[in-house]
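Got two chains here, separate frames each, mind docking them using the hints?
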Amino acid sequence: MIRPRENGRDKESEGVAMPATHSGSTDTIGLGTRRALVIVPAYNEAETIHRVMRDLRRHAPWADVVVINDGSKDATSFRARQAGAKVLDLPVNLGIGGAVQTGFRYAYEQGYDLAFQFDGDGQHRARRLAELARPILEGHTDLVIGSRFLRPRGMTAYGMRLVGIKILARAITVIGKQPITDPTSGFRAAGRRAIQLFAHEYPQDYPEPESLVLVWRQGLNVREVPAAMRRRRGGVSSIRLWNGVHYMAKVLLAIVMDTLKGRVQIQEEVVR
Amino acid sequence: MTWTQRIVLLLGGLTLLGVTLELIRKRRLREEYAVLWICTGLMILAFVVMPGALFSVAEWLSLHYTVLMMLVCFIFLAAIVLHYSVVISRHSDRERDLTQELAMLKDELAKLKEEAREPPPPPVEPRPRPPALRT
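First to last, the sequence lines map onto chains A and B. This note's numbering puts the first sequence at residues 1 to 272. This note's numbering puts the second sequence at residues 1001 to 1135.
It is worth saying that the hints were derived from the structure and are not from the lab. Just so you know, not all the hints are guaranteed correct.
One side of the interface only, derived from the structure: several residues of chain B facing chain A at Cβ under 8 Å [said to hold, decoys possible]:
id: 1; residue: Met1104
id: 2; residue: Glu1118
id: 3; residue: Arg1127
Beyond 10 Å from chain B on every Cβ pair, some chain A residues (computed) [unchecked claim]:
id: 4; residue: Ala130
id: 5; residue: Glu131
id: 6; residue: Thr141
id: 7; residue: Arg170
These stretches of chain A come out as covered by chain B in the derived footprint (C-beta under 8 Å, 3 or more residues) [what the hints assert, rightly or not]:
id: 8; stretch: 104 to 117
id: 9; stretch: 186 to 194
Keep in mind that this is a model prediction, so the values were computed, not measured. Ideal placement from N, C-alpha and C gives every residue a C-beta, glycine not left out.
This is chain B alone, in the form it adopts within the complex (with noise of 0.2 Å):
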């Protein structure tokens, strides 16, 4: 490994970690995806100064050419990418719970208010509540 090649890679290891530090501390990134992003950084680091194990890994798993080296960082990626495609899904779905819930509970509460400031209605004919939706 060339000098040149290893104080790319520090700096973009650094920068990495500095990033994601700095967002941990400005309270932008949770730490659950901030170990991943961490354990990048670090990794990266390692190999600028132990830049044997780079190629022994390299060696371990035959890629002799950059474009498999290319191909191995194209699926981490995209691991990391269909993942967040996950997190976003479920995202989206609990904010239409959310969403559809709270519409609910203003049209209850507006109700409640109305009843409270007139006089009780007469009672109404108890119906059984059907079972919870799951959230």
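Bound conformation, chain A alone (with noise of 0.2 Å):
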């Protein structure tokens, strides 16, 4: 059994200064007896990870969080619990979709309501958590994107990078009839049906526009927000093979895949 916030008075180490975190008192964003998650898939990101807990400490204290330590082969792990991180060490590496899910299997069996992806290299910002959560908190979105295009404010994505994204954007819009302007972000919250779907199933391939089509199948409701992200600071995206036109055309084809697939039959949850 997990207590919230169990993480939150854990050594300080390495100088690094946590506020005090004490429930109740942090309760910023109106959970009330709801427990929010954050799930961090960190792969090699011992340079980056304490800055990542810092930031999630000092503007999110309301949440928990966890690590997915990806199989990493350098002191990921160890730094993480150093900066008082939970965290899950996948004993081999699963690529980014299976270092997710595994945070919304442990979300979903520990009974969370929100779960948010946070990447482990220190692009998103912890200050922004809130914004994202509020569709879900007030009860009519399942899973809320934070989307670097809503506003042409912060853009972290340029040359080919940012032409394969609109492409991207433009196929999803299609396929789900919902305007959505950045598919490949890795900034999200999802409600407890999405945790509850993404337990069960969850793209491996390109999880991010992989996971929309996905959602949609099932009748979730998707939102999309604006959230400025920074620039990477370390590691090396995901998205490995960018020259463009390549990546382009497997992630379309995994999309148009995608919708060829059956709903998935989720046993229905006993409401607590």
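Printed below as a string of structure tokens:
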């Protein structure tokens, strides 16, 4: 049984100041009795993980954090624990899809009502998590995507990358019959229904755009909110083969195949 | 069928059978998959012994051209490869599930060890466990 904020009162290591966190006093976003989890997939992010943890501690003390160490070859796991995170170590590398899904399984089994996806490389801002959470807390959205493009500020993609994302956004918009500007964004919030879905079924190859198709297929509601991001501080993008066309073709193919897949049957959850 | 053809077929069939049996003996091939290859090997040997049978089958399927024979072989092999793709996909799904489950169990175990060392924490309110994931 996980108690909320059990990580909060951890040792202050490496001179990283941790603001004291106590249940109740930190609920600045109206969680009430609901519990929030930040899922941080990390692969060889030892350099940046403590900064990410500090950012989360300071700006989102109302959420628990779980770092999914995806079989890193460096000290990611150690550094994350040092910074006070709960860490799940995957014994073999599963890739971004498998790592994030581990977080959703954990969120599902531990009964979290709200789960965020937050990169371990420092490009996402913990300050923006509250804005991501709002549509879900208001109760009419299952999945919220933090978009870099919804407002012309803080754009962090350039050149071929931007072109690729634009094309993909157009394709996804057609499939979902709903305007989506940033389908590759890994800055997301999921409500309980989406957590349950992702714990059962989560795309492995290009999880961000593909999960949108999955979510629509299951009849869940998606919403985008603007979210500025930083340029990445370290690590390598999970999108490695970024020679535009090749990547685009593969993602588009994956998405088209996703539209062929049937609905996932999920056992009805006992109302808590 | 010329003698050369028969000798080549004989060697091919025996090699296939030999390799299959050796793999089973070394426990590197599960019997369920081995059955397929043993049957294939035996069929080749049967055609070496009774070449007439091969031509009867060809006649029956109206395979008058070598190209058509090749096509039949190709379809046979393609079906096997497709089957293996399905098997591989299933295995990678299981491997992922097991890896994720293992990571969570390791965490659970570490926590239990921690609790065993420390005095028991104050009781926590029980939270109903959600239905198990299908695997």
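To see whether the hints hold, each was checked on the structure:
The beta carbon of B:Met1104 is positioned within 8 Å of a beta carbon in chain A (closest approach about 6 Å), and the interface hint is therefore held. Interface hint at B:Glu1118: violated, since its Cβ lies 13 Å from the closest Cβ of chain A, which is beyond the 8 Å cut-off. The interface hint given for B:Arg1127 is met, as the beta carbon of that residue sits about 5 Å from the closest beta carbon of chain A, less than 8 Å. With a cut of 10 Å on Cβ distances, A:Ala130 stays outside the contact zone with chain B, its closest approach being about 25 Å.
Every Cβ of chain B is farther than 10 Å from the Cβ of A:Glu131; the closest lies at roughly 28 Å, confirming the non-interface assignment. Residue-level check passed: A:Thr141 sits 21 Å from the nearest beta carbon of chain B, beyond 10 Å. In this structure A:Arg170 is separated from chain B by more than 10 Å, as the shortest Cβ-Cβ distance comes to about 30 Å. Taking a C-beta to C-beta cut-off of 8 Å, the stretch 104 to 117 of chain A contributes 5 residues in contact with chain B, enough for the three needed, and the coverage statement holds.
For the stretch 186 to 194 of chain A, the assignment as covered by chain B is violated, since 0 residues bring a beta-carbon within under 8 Å of that chain's beta-carbons and 3 are needed.
Hints 2 and 9 from the earlier list are contradicted by this structure; the remaining hints agree with it.
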